[in-house]
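Chains as they are written, first to last, in the numbering used here: chain A, 1 to 341; chain B, 1 to 500.
It is worth saying that the hints were derived from the structure and are not from the lab.
Wrong hints could be hidden among the right ones.
List time: in silico DMTMM-like cross-link candidates among lysine to aspartate or glutamate, alpha-carbon distance up to 20 Å [said to hold, decoys possible]:
#	chain 1	residue 1	chain 2	residue 2
1	B	109	B	121
2	A	200	B	374
3	A	200	B	416
4	A	225	B	325
5	B	339	B	368
6	A	334	B	392
7	B	321	A	215
8	A	199	B	310
9	B	321	A	120
10	A	225	B	304
11	B	305	A	215
12	B	330	B	310
13	B	305	A	120
14	B	314	B	256
15	B	386	B	373
16	A	199	B	256
17	B	369	B	337
18	A	199	B	79
19	A	199	B	392
20	B	359	A	215
21	B	324	A	195
22	A	199	B	114
23	A	200	B	325
24	B	249	B	266
25	A	200	B	368
26	B	339	A	195
27	A	200	B	61
28	A	200	B	392
29	B	339	A	332
30	B	162	B	325
31	A	132	A	120
32	B	369	A	332
33	B	22	B	61
34	A	334	B	114
35	B	189	B	3
36	B	276	B	160
37	B	138	B	160
38	A	199	B	464
39	B	93	B	123
40	B	328	A	332
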Amino acid sequence: MKKNSKVKELLEKLGTVVALLILIAVFCIAMPDKFPRIANIMNILKQASINCLIASGMLCALITAGIDLSVGSNCVLCTCTIGVLVQNFGITNPVLLAVCGLAVSTFAGFINGTLLTRLDLPHPFVSTMGMKNVLLGVALVITGSKSIGFTGKGVDSLMWVGGSSILKGFFGLSPKFPGIPVSFILVIVVFIIFDIFLKKTALGRQIYCCGGNPEAARLSGIPSKNVLTFVYALSGFMAGMAGVVSVGRLASANANAGTTYDNDAIAACIVGGASFTGGKGTIWGTLIGAMIMAVIRNGLNLAGASNDIQYIVIGAVIILAVTIDVTRNKMEAKARKMAAQ
Amino acid sequence: MSEYVVELKNITKRFPGVVALKNMSIGIRPGEIHGLIGENGAGKSTLIKVLTGVHTPEEGDIFVDGQKVVFKNPVQSREAGIACVYQELNIVKQLPVTDNVFMGRAVKKGLLLDYPRMHKEAEEALKTLGHPEIDVRKECGKLGVGQQQMVEIAKAVSLDAKLIIMDEPTSSLGKDEIAQLMETVRGLKAKGVAILFVSHKLEELFELCDRVTVMRDGEHIVTKDICDMTEDSLITAMVGRTLDNLYPKEFGTKGDVWLEARNLNEAGVLHDVSFKAYAGQITGFAGLVGAGRTETMRAIFGADKLDSGEIYVKGEKVTIKTPKDAIKKKIAFLTEDRKGQGLVLSLDVRTNLILANMKGFSNGPFLDKARIEESGQENVRALKIKTPSLDEVTAQLSGGNQQKVVIGKWVNIDADIFIFDEPTRGIDVGAKIEVYRVMNDMVKAGKCVIMVSSELPEILAMSDHVVVMRGGRVMADMERDSAHFNSEDIMKAAWGGELD
Chain A
1 MKKNSKVKEL LEKLGTVVAL LILIAVFCIA MPDKFPRIAN IMNILKQASI NCLIASGMLC
61 ALITAGIDLS VGSNCVLCTC TIGVLVQNFG ITNPVLLAVC GLAVSTFAGF INGTLLTRLD
121 LPHPFVSTMG MKNVLLGVAL VITGSKSIGF TGKGVDSLMW VGGSSILKGF FGLSPKFPGI
181 PVSFILVIVV FIIFDIFLKK TALGRQIYCC GGNPEAARLS GIPSKNVLTF VYALSGFMAG
241 MAGVVSVGRL ASANANAGTT YDNDAIAACI VGGASFTGGK GTIWGTLIGA MIMAVIRNGL
301 NLAGASNDIQ YIVIGAVIIL AVTIDVTRNK MEAKARKMAA Q
Chain B
1 MSEYVVELKN ITKRFPGVVA LKNMSIGIRP GEIHGLIGEN GAGKSTLIKV LTGVHTPEEG
61 DIFVDGQKVV FKNPVQSREA GIACVYQELN IVKQLPVTDN VFMGRAVKKG LLLDYPRMHK
121 EAEEALKTLG HPEIDVRKEC GKLGVGQQQM VEIAKAVSLD AKLIIMDEPT SSLGKDEIAQ
181 LMETVRGLKA KGVAILFVSH KLEELFELCD RVTVMRDGEH IVTKDICDMT EDSLITAMVG
241 RTLDNLYPKE FGTKGDVWLE ARNLNEAGVL HDVSFKAYAG QITGFAGLVG AGRTETMRAI
301 FGADKLDSGE IYVKGEKVTI KTPKDAIKKK IAFLTEDRKG QGLVLSLDVR TNLILANMKG
361 FSNGPFLDKA RIEESGQENV RALKIKTPSL DEVTAQLSGG NQQKVVIGKW VNIDADIFIF
421 DEPTRGIDVG AKIEVYRVMN DMVKAGKCVI MVSSELPEIL AMSDHVVVMR GGRVMADMER
481 DSAHFNSEDI MKAAWGGELD
C-alpha cells in the first residue's frame, strides 16, 4: 500500500513536470531558432519570478482552503509606495525602501487575515476581493494615477534585485551567457525557506492541519485563527516582495500593472497540485506550475501571438487546471471508497 | 389484496464490516400508526433508508400493495407512494412554503411555473393537515419549527403518499407543537394514510400508535399491538442481550476527584449539570442521543461556551475558554465524530499523532523529527495501530485504526483526564476490545477516564460509576455496586421514567 501511494504521489508530481516538458518540446519544435536559446530561458526565469513569489504566499492561503484575491493589487501597492517615497520624499536607501514596501503589503495582508478571523466573514473570497479594490484605489491615490519611473533616480541598487543578472559570461559557456537573473535566485532561496517552513516547522504543519480539518485542529488546541491571520499576512508579505522585484523588473511603478497577477498565482498553485478544498499542495509543485504559466506566455509572445490570444490560452489553462483538480479529488475519493471496502 | 400497504420481507443489508439489517421483516397496515423503536444503532435509520430507496438491500423483498417492487433510488420510492419526514428537516429556509412543498416536481404551465395552481394545492395540503393558517407565500425560515415540519408533511400529503415515515418527528418540538403534530397524525390516519412513527419517547408511542415493532442489532424482535405491551416489556425487548467476553473490564484504584463540574448551564442545552469523576475510574455517561452528554463534554473542553458553571480539575477551580486551555490542564477529548473532528484525514499518521502537542515535539520553531518518529513508533506498538507506516494518509486506515490514532494523539499530550465520546462507534469488535484495554490501562495507571456511550451494555460493563442524562439534565448518578446499576433502571432514567 505504501509503495502504491508513493508511486501515485510521484506520478502526480511528475505529471506537472511532464506537462512542462511537453510544452517546452512543443515550443522548441515550433520555434527552434528562438525558443531554446539560453538567453530566452533566462528571460523566462526572469519573467516567472514575480508570479513565483506571489504564488508562494497564495499557496499557503489555498492550503488553508482559502484564497487571497488581493495579491495583485497588494504587489502593485508595494511598488507604488516605493515609487512615491523615491519621487516625493527623495529616499534612495534601498533597504529602507524595501522595508517600507514590505511593511505596507504585510499590513494589508494582516488586515485580510483579521477581517476573516475576527469579524467571521464567511470566506476569504469576500474580504480579499474587497481588499483588492481598496488597495488598488490606494495605489492610484498615492501615485495620482500616474506612472513613476525608477531609472536614473539613484535607486539602482534596489533595481538590481529585479532587473539584473549575475555570473554573466561565466561557466566558460560563452562570453554571451546572459547570466542568471537575481530575481530568480531570490525565488529559489525563498522557495527553499518555504519548503523547510511548510514541511519541518510546527507552524507550517499547522497550516496544513487548519486546511485539512479546521474543527479537528481547533479541538486539538491549535489556535486556528492566529494561524489563518499569519497565513494572510505572509501572503501580503510575499506580494510585497514581488512588488520590490518589480521595481527593477518593470523600472516603473504603475498602479494598473497587476491585473493578471491574482489569476496567474492561483493558476500556478492549482496546476502545481494545490486544491481549492485545502490541505494539499507543495512549494515545488507551485514552482513547476509557475514555470508552465511563464513558458506559455513566453512561447506565445515569441510566436507573435497578440495579447488577446494570450488571454484566451491562459484562461483555458486555468479552466483545465481546475478541471484536473476536481477530477483528481474525485479519483481520490473513489480510491478511498475502494480502500474502505 | 395484501394485508399490508408496505411490507419488508427478510431484508438483509450489509455495510463494510457491519450487518446493519439481518433478515428484518416488518409489515404496515393501511391507516395504522405503526411505532418503530430500538436503541441507537439498532438499524432503524437503515430500515428507513431501505424504504425510501436510499439503500438497496442485498437480500429480501419489498412489497407495496402486495406487489413486489425494487427501489433503486429515492425517486422510485416516492413514486410508489412512500414519503419520509426526516429528523433533520429538508427545507430550503430562504424559499416560500409553496416552493418547498413542490420541491423537485414543480408544476409548469408552458415554460413558466404555474404558481396559482401550486399555491392552491399547497394550501389544500396544509388544510388537510389542520393548518390552514400557514401562509404558503411566506419564507419557510420565518415559520416556527413545528410549522416547518407541517410543510414537510404537506409535501408528503400533496404526493398522495400511502405511507409516511416520521423519523423522530418530535425531537425538536415544544409541548404544544407535539400535541398539534399528534392531532395531524391522527387526522392522516383517519384518511387512510399509514404512518411509520419512529420515536425514542415511550409515552408518545403509547399515546399514538396502534402497533409497535421493536428492533435490536438489526433484527426484528417483536411486533405487537401496543395495548399488549408495557413500558417494561418494551425496554426489556430493546436492551435484552447477553454480555459475552466483549468487555474485558479491569479495575483501578479509586483516587481523588480529578474532574468536577458544578451547575453547568448553557441556554437550551444544559441545565445545572453537576458531576464528579475520580482518578482510577471509568465514569460512564449514559443517555439517549441528544441528552446533552456530548454538549457537557464539549463545554468542559472549551469547545463550546458555557453561560455559567464551575469546573474543578484536581480540586482546583479552572477557567477553560478554548481547547488549548483544556489541553494545558491535561484534559484530552476524543470526539464522537472522529473523521469530522478528530483527524485531519488528508494528512499522514505521523502528523495526526502530534496534532495536539506540536509545541512539545519542537525545538524552537522546528519539529524534532527523531523524537516524532520515536514517539510515533511507540504509539503504533502500544496501541496496536495497523498501518503500513507513519507516512500513511489517515483516510486510508480502517475506522478502528483511525480511532487508535486519535487516542494516540491524546496519549501524546500526557493527559490525566481522558474524555472518550462514543469511543467504539462504528468500529469492529476486535478494535472495540482493544479500545477497552487501552481504557483499562489508563485507569490502572491512575488516570481519570470519562466514557460517553449510547450502548448500554458497554456502559454497564466498563463503568465504575454512571451518570445518566436526559434533556440536558443529570437524571441519576449511580455506583457500580448500587442496586440501580442495571440496564432497566438506567434506561428508565434515560427515558424519563421514575426510579423505584
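Is the hinted pair residue 22 of chain B and residue 61 of chain B satisfied, with a Cα-Cα distance of at most 20 Å?
Cα-Cα ~13 Å, so holds.
Checking one constraint from the list: CA of residue 334 of chain A to CA of residue 114 of chain B, max 20 Å. Satisfied?
Given pair residue 334 of chain A, residue 114 of chain B is violated - Cα atoms ~41 Å apart, limit 20 Å.
Are residue 199 of chain A and residue 310 of chain B close enough, with their CA atoms no more than 20 Å apart?
41 Å, violated
Is residue 339 of chain B within 20 Å of residue 368 of chain B, Cα to Cα?
27 Å, violated
Given the hint that residue 225 of chain A pairs with residue 325 of chain B, test it: the Cα-Cα distance must not exceed 20 Å.
15 Å, holds
Are residue 200 of chain A and residue 416 of chain B close enough, with their CA atoms no more than 20 Å apart?
29 Å, violated
Holds or violated: residue 339 of chain B with residue 332 of chain A, Cα cutoff 20 Å?
16 Å, holds
Are the Cα positions of residue 305 of chain B and residue 120 of chain A separated by 20 Å at most?
17 Å, holds
Is residue 369 of chain B within 20 Å of residue 337 of chain B, Cα to Cα?
Distance ~29 Å between residue 369 of chain B and residue 337 of chain B Cα, so the pair is violated.
Compare the distance between the alpha carbons of residue 334 of chain A and residue 392 of chain B with 20 Å, and conclude whether the hinted pair is satisfied.
17 Å, holds
Do the alpha carbons of residue 200 of chain A and residue 325 of chain B lie within 20 Å of each other, as the hint requires?
Violated, at roughly 25 Å.
Residue 321 of chain B paired with residue 215 of chain A [C-alpha distance capped at 20 Å]
16 Å, holds
This entry does not satisfy hints 3, 5, 8, 16, 17, 18, 21, 22, 23, 24, 26, 27, 30, 32, 34, 36, 37, 38, 40, going by the numbered hints stated previously.
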